[in-house]
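We have chain A already, so just place chain B on it with the hints.
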Amino acid sequence: MESKIYNYLLDVGCCKYCSLRYLQDRYVDFSNINEYIEKKKLSIIDTEPVIKQHKPNPCCLCLGLLQDSLIEDTVNRIVISEVQKYDSKVFTCSISIPSATILREHAIRLDLRQKFAEFYIDDIEEIPLNKAWKLIIKDKISEKLGINFENSDICNFSINVTMDYADNRQEVSVVKELAEKAKNGDLIGRKSILSILSNCLAHKFHDIVKAPLSIPSVYLTCKQIECKHNSIYMAGRYCKFSRELSQSPWIVDGIKAMETSVEEIIFEQIHKVFGIPQTNLKFSSSGREDCDVRCLGKGRPFYIEILDPKKTVFTYDEFRVLESSINESTLIQVRDLQSVQRSELCKIKEGEQLKTKDYLAVCVTKAAITQEQIDKINNFGEAILEQKTPIRVLHRRPLAVRKKRIFRMEARLVPDKLNLFELSLETEAGTYVKEFVHGDFGRTKPSIGDIIDDEVDIIALDVIAIHLDWPEEIIVPDRNETS
Amino acid sequence: MIQPKIIDSINLHSLNKFLSVSDRYYKHKYCVKFTSKEQNLDQRVSFHTNRICMISLGENHTVMKNNKKILKINCSIDNKINRLLNATSGKGKRGAQKLTENSVLCYIECEDGDIYPVYSCVQGKLLEINEHLISNPNLLITNPVSKGYIALILPTLNLYESIKNSMLDADEYSKI
Numbered sequence: 001m002e003s004k005i006y007n008y009l010l011d012v013g014c015c016k017y018c019s020l021r022y023l024q025d026r027y028v029d030f031s032n033i034n035e036y037i038e039k040k041k042l043s044i045i046d047t048e049p050v051i052k053q054h055k056p057n058p059c060c061l062c063l064g065l066l067q068d069s070l071i072e073d074t075v076n077r078i079v080i081s082e083v084q085k086y087d088s089k090v091f092t093c094s095i096s097i098p099s100a101t102i103l104r105e106h107a108i109r110l111d112l113r114q115k116f117a118e119f120y121i122d123d124i125e126e127i128p129l130n131k132a133w134k135l136i137i138k139d140k141i142s143e144k145l146g147i148n149f150e151n152s153d154i155c156n157f158s159i160n161v162t163m164d165y166a167d168n169r170q171e172v173s174v175v176k177e178l179a180e181k182a183k184n185g186d187l188i189g190r191k192s193i194l195s196i197l198s199n200c201l202a203h204k205f206h207d208i209v210k211a212p213l214s215i216p217s218v219y220l221t222c223k224q225i226e227c228k229h230n231s232i233y234m235a236g237r238y239c240k241f242s243r244e245l246s247q248s249p250w251i252v253d254g255i256k257a258m259e260t261s262v263e264e265i266i267f268e269q270i271h272k273v274f275g276i277p278q279t280n281l282k283f284s285s286s287g288r289e290d291c292d293v294r295c296l297g298k299g300r301p302f303y304i305e306i307l308d309p310k311k312t313v314f315t316y317d318e319f320r321v322l323e324s325s326i327n328e329s330t331l332i333q334v335r336d337l338q339s340v341q342r343s344e345l346c347k348i349k350e351g352e353q354l355k356t357k358d359y360l361a362v363c364v365t366k367a368a369i370t371q372e373q374i375d376k377i378n379n380f381g382e383a384i385l386e387q388k389t390p391i392r393v394l395h396r397r398p399l400a401v402r403k404k405r406i407f408r409m410e411a412r413l414v415p416d417k418l419n420l421f422e423l424s425l426e427t428e429a430g431t432y433v434k435e436f437v438h439g440d441f442g443r444t445k446p447s448i449g450d451i452i453d454d455e456v457d458i459i460a461l462d463v464i465a466i467h468l469d470w471p472e473e474i475i476v477p478d479r480n481e482t483s
Numbered sequence: 001m002i003q004p005k006i007i008d009s010i011n012l013h014s015l016n017k018f019l020s021v022s023d024r025y026y027k028h029k030y031c032v033k034f035t036s037k038e039q040n041l042d043q044r045v046s047f048h049t050n051r052i053c054m055i056s057l058g059e060n061h062t063v064m065k066n067n068k069k070i071l072k073i074n075c076s077i078d079n080k081i082n083r084l085l086n087a088t089s090g091k092g093k094r095g096a097q098k099l100t101e102n103s104v105l106c107y108i109e110c111e112d113g114d115i116y117p118v119y120s121c122v123q124g125k126l127l128e129i130n131e132h133l134i135s136n137p138n139l140l141i142t143n144p145v146s147k148g149y150i151a152l153i154l155p156t157l158n159l160y161e162s163i164k165n166s167m168l169d170a171d172e173y174s175k176i
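These protein sequences, in sequence, are chains A and B. Its first residue numbered 1, the first sequence is counted upward by one per residue in full-length UniProt numbering. Its first residue numbered 1, the second sequence is counted upward by one per residue in full-length UniProt numbering.
No lab work stands behind these hints: they were computed from the structure. What you are looking at is a predicted structure, and each value in this text was computed from that prediction instead of being measured. Even glycine gets a Cβ: it sits at the ideal position worked out from N, Cα and C. Wrong hints could be hidden among the right ones.
[Unchecked claim] With a straight-line cut-off of 20 Å between C-alpha atoms, the simulated EDC-like cross-links for lysine to aspartate or glutamate are:
| # | chain 1 | residue 1 | chain 2 | residue 2 |
| --- | --- | --- | --- | --- |
| 1 | B | K5 | A | E244 |
| 2 | B | K5 | A | E426 |
| 3 | A | K434 | A | D453 |
| 4 | A | K366 | B | D23 |
| 5 | B | K5 | A | D416 |
| 6 | B | K33 | B | E101 |
| 7 | B | K17 | A | E422 |
| 8 | A | K404 | A | E352 |
| 9 | B | K5 | A | E422 |
| 10 | B | K5 | A | D358 |
| 11 | B | K164 | A | D253 |
| 12 | B | K5 | A | D290 |
| 13 | B | K17 | A | D416 |
| 14 | A | K417 | B | D8 |
| 15 | A | K138 | A | D68 |
| 16 | A | K445 | B | E131 |
| 17 | B | K69 | B | D114 |
| 18 | B | K17 | A | E455 |
| 19 | B | K5 | A | D292 |
| 20 | A | K434 | B | D23 |
| 21 | B | K17 | A | D454 |
| 22 | A | K256 | A | E244 |
| 23 | B | K5 | A | E410 |
| 24 | A | K403 | B | E131 |
[Claimed, not checked] To be clear about the criterion: a stretch of chain A counts as covered by chain B if any three or more of its residues have a C-beta under 8 Å from a C-beta of chain B, and this derived list gives those stretches:
| # | segment |
| --- | --- |
| 25 | 360-368 |
| 26 | 390-401 |
| 27 | 410-421 |
| 28 | 435-449 |
| 29 | 456-462 |
In isolation and in its complexed conformation, chain A is listed as follows (with noise of 0.2 Å):
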């Protein structure tokens, strides 16, 4: 039986490999066919006068996709030094595949329904086109680059071939014909092709796509190889000594409201040490301070992802190479840069809900301060806010009233200055500071300002410390600590 369907399928115009593919076995050795059919006596040459040599034509169902002549055509057009510009150790590859390819299948397959009912019991689940092709180039793609294969479930590089049919879309056309109801638009995509042949009736397909399947005129073209590697991820902590300078680019009305930005600072070096264009970085961190706040301490944990990455792995020199370049900058310093997993990314955005930070500010007071008022801050307590939305950021944000703790408080007065004080503060994830110092008009309460009974005013905040043990700290002899 399977002998009858293979050479039957090999009469219609079918390639070796499709007409293997429908024989359902999924132990076939697509590299070795030939030992295949050998061993299961399939063909039926030796044993009749051969009728009629197969003149070699495209494929009626794959195209030519899996023949020996485009698969060596295509293993041809890959380009050593493209993927070479990739460190990666292994590969996948994947294709597209022209959408009429599916009608053909559909029509075998319908065809084959027929014809051998009695092998055909449940649905036919030939071996996929893509997944045949994989198996046919895999090994000589491998043997061509010298790298190893790997699954696309784990392999992070990809080689992605995508083929072109001249007569695709006069092929495919004869899906409007069968669609339930006249559908607007382009019908030649994957998704609305499979999911009007499921919709259609075997009869009303047979009327208009007629079996046995036309020779195709033409094979399928090699229309592009895209090399392609997942993202990956460096992380660290930075520092920011500047009140004049925001953390990611600031741009108003389309105009760059700041010359530069920690994100800008960092990625110009990543840049000039390892030559990774700035379009394919990504900055995300842990929250983040106003222009005009310094972020002191350890700083603030941050990622960045590097997209489509050539160069994936970096040494512990590297990144102290990239750290010192970056902190020849005056107004950032970053430490424990390190690569990581995008697994280990949410514990950044955890850290930003879940992590108390520490902060400094210097505060001004309308009347001159008093002993009394900072004894009055010291022994309130822990203190629990209702901060409503800032007007600052109402315009971007919703409006909500939120309970906020501040665990921690601690006022100084200033020598010499009568209007000044310094306050320590430990406050939960979330916490306006600067609202809280001086009340947003009754919209934060309790303030600083209601426990003192005076207008109260922040002009100078730090962060001091964020409470979030991510990324790991990386042992680097002879650092400055910064305080």
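Relative to the frame of chain A, chain B by itself:
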């Protein structure tokens, strides 16, 4: 690299005068068009750098000038609209009450029986009425541009410049 202490990281010379929060971050403008011969209904509209508008009474407003005692702030504008029931959702402030510049935000009811309407002055969405005025309406006189603000409004952005330009600057207003 040793960083300067916080007190040394700022220019203290620029601080010889205490500036209130509203003076530091807001541009005060005055809307005088509701004033008539009989009564002064001047209002202050303070524009935050992020374009949100804070509404308060002008210095020459009859209530301010005569230091009237306020009995209550009435936010029931008519049978349908109560400004205190304003609710918004999302960063787009969906569901906010829509205001034209002539919409009434509330009525100031004084102990002497006089009632004064407060107008929106700007077209846009109502963000909130200051709820502290309900329990303590006289904040409106004692702290007009801080705890006693009347309302916050998100102006219609494409009208923002024309709204702002239609009002008087603080120095123009002080000359009236």
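Against the structure, the hints come out as follows:
1. For a cut-off of 20 Å, the pair hint linking B:K5 to A:E244 stands: about 17 Å separates their Cα positions.
2. Proximity of B:K5 to A:E426 is assessed by CA-CA distance (about 19 Å); at most 20 Å being required, the pair is judged to hold.
3. Between A:K434 and A:D453 the alpha-carbon distance is near 17 Å, which keeps this suggested pair within the 20 Å criterion.
4. Only pairs whose Cα atoms come within 20 Å are accepted, and A:K366 paired with B:D23 is accepted, the gap being roughly 13 Å.
5. For the proposed pair B:K5 and A:D416, the alpha carbon gap of about 16 Å is at most 20 Å, so the pair holds.
6. For the hint pairing B:K33 with B:E101, the CA-to-CA distance comes to about 10 Å; that is within 20 Å, so the pair holds.
7. Under the criterion of a C-alpha separation no larger than 20 Å, the hint pairing B:K17 with A:E422 is consistent with the structure, at around 18 Å.
8. For the given pair, A:K404 sits about 14 Å from A:E352 by alpha-carbon distance, which is consistent with the 20 Å threshold.
9. For the suggested pair B:K5 and A:E422, the alpha carbons sit about 11 Å apart, so the restraint of at most 20 Å is met.
10. Annotation: proposed proximity of B:K5 to A:D358 holds, straight-line Cα distance about 16 Å (limit 20 Å).
11. Our distance criterion of 20 Å between C-alpha atoms is met by B:K164 and A:D253, whose separation comes to about 19 Å.
12. Between B:K5 and A:D290 the CA atoms are separated by roughly 19 Å; this keeps the pair inside 20 Å, and the hint holds.
13. A threshold of 20 Å between alpha carbons decides the hint, and for B:K17 with A:D416 the separation of about 16 Å falls inside it, so the pair holds.
14. A threshold of 20 Å between alpha carbons decides the hint, and for A:K417 with B:D8 the separation of about 13 Å falls inside it, so the pair holds.
15. A hinted pair counts as satisfied when its Cα atoms are at most 20 Å apart, and A:K138 with A:D68 qualifies at roughly 13 Å.
16. At most 20 Å may separate the alpha-carbon atoms for a hinted pair to count; A:K445 and B:E131 meet this at roughly 13 Å.
17. Restraint check for B:K69 and B:D114: satisfied, since their Cα atoms lie roughly 10 Å apart, inside the 20 Å limit.
18. Under the criterion of a C-alpha separation no larger than 20 Å, the hint pairing B:K17 with A:E455 is consistent with the structure, at around 13 Å.
19. The hinted pair formed by B:K5 and A:D292 meets the criterion: a straight-line CA distance of about 15 Å does not exceed 20 Å.
20. For the hint pairing A:K434 with B:D23, the CA-to-CA distance comes to about 16 Å; that is within 20 Å, so the pair holds.
21. Our distance criterion of 20 Å between C-alpha atoms is met by B:K17 and A:D454, whose separation comes to about 16 Å.
22. As the CA atoms of A:K256 and A:E244 are separated by approximately 13 Å, the hinted pair is consistent with the 20 Å bound.
23. Restraint check: the Cα-Cα separation between B:K5 and A:E410 comes to about 17 Å, which is no more than 20 Å; the hinted pair holds.
24. Between A:K403 and B:E131 the alpha-carbon distance is near 18 Å, which keeps this suggested pair within the 20 Å criterion.
25. For the segment 360-368 of chain A, the stated coverage by chain B holds: 6 residues have a C-beta nearer than 8 Å to a C-beta of that chain, and at least 3 were required.
26. Given a C-beta distance limit of less than 8 Å, the hint that chain B covers the segment 390-401 of chain A holds, as 9 residues qualify and 3 suffice.
27. Given a C-beta distance limit of less than 8 Å, the hint that chain B covers the segment 410-421 of chain A holds, as 4 residues qualify and 3 suffice.
28. Only residues whose beta carbon comes within less than 8 Å of a beta carbon in chain B count, and the segment 435-449 of chain A has 5; three or more means the coverage holds.
29. Counting residues of the segment 456-462 of chain A whose C-beta sits closer than 8 Å to any C-beta of chain B gives 4, which meets the bar of three, so the coverage hint holds.
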